[in-house]
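So the protein sequences, as listed, match chains S and A.
Those letters in the first sequence? Residues 1402 to 1776, by this note's numbering.
Those letters in the second sequence? Residues 169 to 427, by this note's numbering.
Calculated directly from the structure, the hints in this document are not laboratory data.
Think of the CB as a built atom: it goes at the ideal place given N, C-alpha and C, for glycine as much as any other residue.
There's no promise every hint is true.
What the hints assert, rightly or not - Only pairs whose alpha carbons sit at most 25 angstroms apart, straight line, appear in this in silico SDA-like list of lysine to any residue:
{"hint": "1", "chain 1": "A", "residue 1": "Lys344", "chain 2": "S", "residue 2": "Thr1621"}
{"hint": "2", "chain 1": "S", "residue 1": "Lys1617", "chain 2": "A", "residue 2": "Lys204"}
{"hint": "3", "chain 1": "S", "residue 1": "Lys1617", "chain 2": "A", "residue 2": "Pro291"}
{"hint": "4", "chain 1": "S", "residue 1": "Lys1617", "chain 2": "A", "residue 2": "Ile301"}
{"hint": "5", "chain 1": "A", "residue 1": "Lys330", "chain 2": "A", "residue 2": "Glu302"}
{"hint": "6", "chain 1": "A", "residue 1": "Lys204", "chain 2": "A", "residue 2": "Arg181"}
{"hint": "7", "chain 1": "A", "residue 1": "Lys283", "chain 2": "S", "residue 2": "Gln1567"}
{"hint": "8", "chain 1": "A", "residue 1": "Lys344", "chain 2": "A", "residue 2": "Arg181"}
As the list claims (entries may be wrong) - Rough simulated footprint, nothing fancy, chain A against chain S, three-plus residues with beta-carbon under 8 angstroms:
{"hint": "9", "segment": "1611-1621"}
{"hint": "10", "segment": "1631-1639"}
Claimed, not checked - Restraint-style ranges between C-beta atoms, simulated for each label pair:
{"hint": "11", "chain 1": "S", "residue 1": "Val1422", "chain 2": "A", "residue 2": "Ala294", "range": "21 to 29 angstroms"}
{"hint": "12", "chain 1": "A", "residue 1": "Gln372", "chain 2": "S", "residue 2": "Ala1411", "range": "52 to 60 angstroms"}
{"hint": "13", "chain 1": "S", "residue 1": "Ile1748", "chain 2": "A", "residue 2": "Glu419", "range": "56 to 64 angstroms"}
{"hint": "14", "chain 1": "A", "residue 1": "Asn184", "chain 2": "S", "residue 2": "Leu1540", "range": "42 to 50 angstroms"}
{"hint": "15", "chain 1": "S", "residue 1": "Ala1500", "chain 2": "A", "residue 2": "Lys283", "range": "45 to 53 angstroms"}
{"hint": "16", "chain 1": "A", "residue 1": "Lys283", "chain 2": "S", "residue 2": "Pro1752", "range": "31 to 39 angstroms"}
{"hint": "17", "chain 1": "A", "residue 1": "Ser326", "chain 2": "S", "residue 2": "Leu1658", "range": "53 to 61 angstroms"}
{"hint": "18", "chain 1": "A", "residue 1": "Glu368", "chain 2": "S", "residue 2": "Arg1515", "range": "52 to 60 angstroms"}
{"hint": "19", "chain 1": "S", "residue 1": "Ile1762", "chain 2": "A", "residue 2": "Ser326", "range": "29 to 37 angstroms"}
{"hint": "20", "chain 1": "A", "residue 1": "Ser326", "chain 2": "S", "residue 2": "Pro1752", "range": "37 to 45 angstroms"}
{"hint": "21", "chain 1": "A", "residue 1": "His239", "chain 2": "S", "residue 2": "Val1423", "range": "49 to 57 angstroms"}
{"hint": "22", "chain 1": "A", "residue 1": "Arg357", "chain 2": "S", "residue 2": "Ala1411", "range": "43 to 51 angstroms"}
{"hint": "23", "chain 1": "S", "residue 1": "Ile1748", "chain 2": "A", "residue 2": "His319", "range": "24 to 32 angstroms"}
{"hint": "24", "chain 1": "S", "residue 1": "Leu1496", "chain 2": "A", "residue 2": "His319", "range": "39 to 47 angstroms"}
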Amino acid sequence: MQTIVASSRARDILLLALFSVVVLTAPLWATTIGAGYPDLLQKFAVFGLFAIGYNLLFGLTGYLSFGHAAFLGVGSYATVWSFKLLTMNVIPAVLLSVAISALFALVIGFLSLRRTGIYFSILTLAFAQMSYNLAYSVLTPITNGETGLRVLRNDPRVLDAALGVQVEGSPLADLFGITLTGYSGFYFCALLLILGFRVSLRIFRSPFGMKLVAIKSNQTRMEYTGFNPQPYLLSAFVISGMYAGLAGSLMAIVDPLAGAERMQWTASGEVVLMTILGGVGTLIGPVIGAATIKYFENIFSSFNDQVLQQAFDFLPDWLADFMVTIISPFVGDGWHLTLGALFMVIIIILPGGMMEGFRRIAALFGRKPVKEGQA
Amino acid sequence: MSETSRNIVLSIRGVNKTFGGLKALSNIDLEIEEGKTHAIIGPNGAGKSTLLNTCIGRIRPDSGSIRFLDHDLTGGNMKPHDINQLGISRVFQTPEIFPELSLLNNVMIPAFAHKEGIFRFNPFSALRNEKAIEEETMSLLEDFGMADQAHHHAGNLSRGNKRRLELAMCLIQHPKLLLLDEPTAGMARHDTNRTIELLEKIKQSGMTKVIIEHDMHVVFSLADRISVLAQGAIIAEGEPNEIKGHPKVREAYLGSAEI
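Start from the sequences and build out the full structure, keeping to the hints where you can.
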């Protein structure tokens, strides 16, 4: 359930301020949970953005796209090409990625939105798989196929060349002289995440956002109310595609390469999981879902049999062997099993995702429950 | 002629429609006068819904013409939002509302549609700045006695209240023609009476209405004019008093309802 409320300006400013503080101080508090290193924090921010954008489509209109990874991949390729041809500065790269993914989303959205429900989902999935296969093989001159597209020292970079900027060593993304690796890379992603959150907040609180929720609630009534749902849906689709393109661009900025696997359906499925796990249609749920999945992925996928053996050292040998045999399929490469189990548990107990869990806990402690859609 | 003194909102001339071999509408002539409440009654399967959908250009007739004010709706491929933007609002047999949204949002959305047209891209304007629409919505909800529930989910309302909400959603658009498809279907007598009261109030505002209805009690309390439909043809038309004693009407309804 969901209400778009005309919440007060002060409340929204507080929410945005709180969000910014939590994001910007992440390097400090994340160390306490063992996530205090830039690679992982960058992932939180990038996938947070991806999920926020995805939620603007799925959370507000209820249209379940299974093809958003296509825009992620397009964003990455555009950024790497901008690095290769124009400059290692990230500003043109980000703008180019967002613009090109918007264009892609416009075409794919226009065609997919001819249908609703499951047929819409299948169409988006088909387009994304087509994009993946194009990137993997047919468009090898543009995407460098299965090897992936990377930035090379002797790429032309016409803008850099014109300004006389020289690249020493392997080329790295920069923002007017600041090299975006490690924590500087994280802070660049974090600032864009805050910007993305602010835009999402504005959309949630606008008449436009209210109409998107109305489409989800009852499309027949929406039509007989005098609105044409198509342009509304297409706008939402393009906006969320732009978010995906931005996320893809950031991926290529913190690690300047782009591969076709980024467009595969599993990547599309992942953002669906993140959004649902965090809480569909809530403002911060998708970010929390994205961070949760990336956090546990980081922990569980690093375990292997030796780590497990050490962990169960204190048990008698036969029992330790037994425990390792039982648990090892769920860690390392098999961590998706754990993810699947976690996902099922959450959805069965809390259909509204983790945000619903937080609301229930808040209610348990006698606080007035936060109205849905406000937080 | 008196034609000039009467303002005809909706005019249907010689409309025929066949589905497969079945004659759904045969040679229908109907004029809906401005400010009047026009009821269309008839037994099940008489073609009432087909007629309604033909009236608003959703179904293309095989022959004949349909005019709404200055618009020709005969083409039969009108989109629901275009129909609405011409000034026709519709109440459905089963209430079509936005169950997940608050009552306030439910009524604000049609108000936006009335103000903005079929599409406006304004993702950065704040809902909280739309004071005029919010006030208009609240005062309408007050008229409907629902202001105290303005922030509740509409999905939790009783069926009767959902219907009243749907009516409010239509009225906020100040439609030139209001279509009511069995507005009391499936309602308890108590709810039916409340709905009749409400519709009587609207009637005084001089809004043009077409009501499709089963319930004779409702029809005779509200209608200025009644057309009786049976097997796709209008078998009688007139004021409520004329219809009450009409032999053909008695025949069509034989055993199914007391008139």
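Does the Cβ-Cβ separation between Ile1748(S) and Glu419(A) fall within 56 to 64 angstroms?
Holds, since Ile1748(S) and Glu419(A) (Cβ atoms, about 59 angstroms apart) stay within the stated range.
Is the listed coverage of the segment 1611-1621 of chain S by chain A valid when you require three or more residues with a beta carbon under 8 angstroms from a beta carbon of that chain?
Contact hint for the segment 1611-1621 of chain S vs chain A: holds, 8 residues under 8 angstroms.
Take a quick look at whether Lys204(A) and Arg181(A) sit within 25 angstroms of each other, Cα to Cα.
Roughly 19 angstroms between the alpha carbons, so the hint for Lys204(A) and Arg181(A) holds.
Within 43 to 51 angstroms: is that where the Cβ-Cβ distance between Arg357(A) and Ala1411(S) falls?
holds (49 angstroms)
Lys1617(S) and Ile301(A) were given as a pair; does the straight-line alpha-carbon distance stay at or below 25 angstroms?
holds (22 angstroms)
Using the C-beta atoms of Ala1500(S) and Lys283(A), is the stated range 45 to 53 angstroms upheld?
violated (32 angstroms)
Is the hinted range of 29 to 37 angstroms satisfied by the C-beta distance from Ile1762(S) to Ser326(A)?
Holds, since Ile1762(S) and Ser326(A) (Cβ atoms, about 33 angstroms apart) stay within the stated range.
Consistency of beta-carbon spacing, Pro1752(S) to Lys283(A), with hint 31 to 39 angstroms:
holds (36 angstroms)
State, for the Cβ atoms of Ile1748(S) and His319(A), whether the hinted interval 24 to 32 angstroms holds or is violated.
holds (29 angstroms)
Hint says 52 to 60 angstroms; check whether the CB-CB distance for Glu368(A) and Arg1515(S) agrees.
violated (45 angstroms)
Taking only the CA atoms, is the gap from Lys344(A) to Thr1621(S) under or equal to 25 angstroms?
holds (21 angstroms)
Taking only the CA atoms, is the gap from Lys1617(S) to Pro291(A) under or equal to 25 angstroms?
holds (17 angstroms)
In summary, the structure is inconsistent with hints 2, 7, 12, 14, 15, 18, 20 from the numbered list given earlier, while agreeing with the others.
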